[in-house]
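If you read the sequences in order, they're chains A and B.
Using the working numbering, read the first sequence as starting at 1 and increasing by one per residue.
Using the working numbering, read the second sequence as starting at 1 and increasing by one per residue.
Honestly, the hints are just simulated from the structure, not real lab data.
One or more of the hints may lead you astray.
[Stated by the list, open to error] Simulated pairs of lysine-lysine, DSSO-like, Cα-Cα distance not exceeding 27 Å:
1) B:LYS421 with B:LYS259
2) A:LYS90 with B:LYS335
3) A:LYS8 with B:LYS88
4) B:LYS421 with A:LYS8
5) B:LYS377 with A:LYS8
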Amino acid sequence: MLSTDEVKRIALLARIGLTDAEIERYRKDLSSVLDFFRELEALDLSDGADEEGVPVKENDTREDRAEPFGSVGRDDIMKNVPSVKDGYVKVRSVF
Amino acid sequence: MIRSIHEQLKNGEVTATGLAEAYLSRIAERDGELGAYLTVLGEQALASARIVDGKIARGEDIGLLEGIPCAIKDNMCRTGTRTTAGSKILDGYIAPYDATAVSRLLEAGSVVLGKTNLDEFAMGSSTESSAYRQTRNPIDPERVPGGSSGGSAAAVAADLAVFALGSDTGGSIRQPASFCGVVGLKPTYGRVSRYGLIAMASSLDQIGPFAKSVEDAAIVLSEIYGYDPADVTTAESDGKRFEDFLSGDIRGLRIGIPKEYLSEDLDPRVRSVFETAVERFRSLGAEVREISLPHAKYALPVYYIIMPSEVSSNLARFDGIRYGMSVDDGSDRFKESDSLLETYLDSRAYGFGPEVKRRVMLGTYALSAGYYDAYYKKAQRVRSLIRRDFSEAFRDVDLVFSPTSPEPAFRFGAKGDDPLKMYLSDVYTVTANLAGIPAVSFPMGTVTEDGKELPLGGQLMAKWFDEETMLRAADAYERASAGER
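Working from the sequences, and respecting the hints, build out all of it.
Below is the structure:
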């Protein structure tokens with residue numbers, strides 16, 4: 001079972017604020033799912049299993065040209081911003 | 001259904017406006033109880049219908065989807081409309097652009113009636129995790145419609161749309177199709193552009209149609225697939241019109257039944273319906289044989305490592321700063337944050353529901369230093385073995401057949417608080433996403449529970465980019481079932 005500190009550490013990495021009750025709940029939930037993953041432990045992977053995902057083609061390339069806001073448009077983007085000052089996205093100071 | 005409506009539109013028996021009005025009034029009448037839609041786009045729908053009627057009045061030719069009313073899962077963007085992904089964190093988000101699949105439908109002249117309910121960020125198998133409303137199964141309102149595309153499935157099953165788009169990351173089109181008794185198609189990974197689909201797990205997500213018949217699903221796929229410069233994983237169009245392959249003839253088609261899928265603990269009612277379906281394929285001339293997918297039993301743990309890992313990364317964009325809900329929106333709903341870190345922590349704490357938090361944390365853990373090799377890296381390696389299982393199986397058979405879900409639609413709350421119980425609902429569907437192959441769920445039969453006849457879906461899986469063979473077999477089955485009724 002994950003410890004309270006482990007769940008707190010994961011939540012901080014995930015940038016999710018949790019109440020104490022939630023920490024207890026996720027200790028239980030996450031531990032039971034992690035136990036479920038144990039099934040993979042016994043699996044022998046010496047038989048050349050690789051890590052590639054779904055085969056997809058190589059990247060497409062395009063001209064390196066600035067397209068401010070593209071076809072979407074500045075106003076429609078800014079309409080969704082929760083906090084705006086002088087036409088800019090407002091963010092809390094980092095320090 | 002699409003073809004017959006198309007004929008009626010052309011010969012003037014119905015108008016596109018009349019059709020849109022009829023569907024909108026059915027929605028007004030029934031959706032209060034059913035809960036399939038999150039947003040109804042009445043005026044927009046009528047405006048697009050009038051354009052189609054104008055073309056018909058001028059004697060112009062119309063395409064198959066022109067004037068056909070449809071619904072879109074609310075995790076796909078539609079310009080100028082609210083797009084929530086079923087999450088509070090996107091409440092009030094107005095999409096500034098169209099998803100490619102949506103714009104292709106609009107270009108084809110389809111009439112978009114509205115946006116449908118889903119599990120929050122498409123995470124769930126019952127639509128119960130939507131932050132907005134409950135969707136009921138039209139067959140039995142005491143039961144869930146499945147998920148995550150439960151709203152789209154219910155809308156089609158209850159005739160509140162002719163067809164609908166959903167998205168499928170681990171079964172989110174096929175399982176609700178099975179629960180609601182309609183056809184649900186997950187195309188090959190790379191068939192349909194994911195641009196404008198709010199990402200859940202990018203190596204697994206794929207958009208596809210719900211419809212009342214295999215032919216309708218084929219027609220919709222024909223309109224939405226193909227290369228899109230905005231999604232680098234999309235393949236060039238091979239020019240196929242999938243509805244052209246539905247000959248009804250499946251003589252000699254080789255269908256494989258994975259022995260690993262029919263374990264002893266399979267619900268005997270599901271087994272019996274499945275066995276009858278196998279006999280029907282045989283009687284239609286298919287050659288049915290047992291096959292083995294030796295790594296199938298690892299599919300669920302592999303899926304529940306890879307998917308949350310991608311989720312944790314994709315959902316990092318919901319930060320309370322650029323769009324969506326924020327504790328710093330200047331309203332008095334929230335305590336304003338004191339630091340940037342608090343903006344993140346509190347906005348995400350309020351905005352995300354419990355299942356989303358669970359998956360984001362699970363993925364964060366699986367990708368974190370010290371655990372990456374044991375979880376994510378190992379899961380990716382097993383994933384390649386699952387894909388190899390299918391490559392080998394497809395040397396001997398053309399299609400793989402299984403039940404879509406181990407059970408019919410369950411009651412609200414039946415899975416309780418145990419996330420694993422809900423996850424097990426995906427046991428037959430996640431493999432197709434992990435392997436990237438196409439799969440379709442079609443009505444296979446019914447089981448009776450508490451006096452209700454509940455539908456069960458059958459799932460056919462095919463080789464990469466071979467949707468036509470899978471659809472031909474599902475269509476032949478559908479014709480044979482219709483003949484029996």
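Next on the checklist: Need the status of pair LYS377 (chain B), LYS8 (chain A): alpha-carbon distance at most 27 Å?
Outcome noted: It holds: about 24 Å lies between the C-alpha atoms, which stays within 27 Å.
Item to check | Distance restraint between LYS90 (chain A) and LYS335 (chain B), which requires alpha-carbon spacing of 27 Å or less | outcome: 17 Å, holds
Item to check | 27 Å limit on alpha-carbon distance, applied to hinted pair LYS421 (chain B) and LYS8 (chain A) | outcome: 25 Å, holds
Next on the checklist: What's the verdict on LYS8 (chain A) and LYS88 (chain B), does the C-alpha distance respect the 27 Å limit or exceed it?
Outcome noted: 23 Å, holds
Checklist entry - Taking only the CA atoms, is the gap from LYS421 (chain B) to LYS259 (chain B) under or equal to 27 Å? => result 23 Å, holds
The structure is consistent with each of the numbered hints, conforming to all of them.
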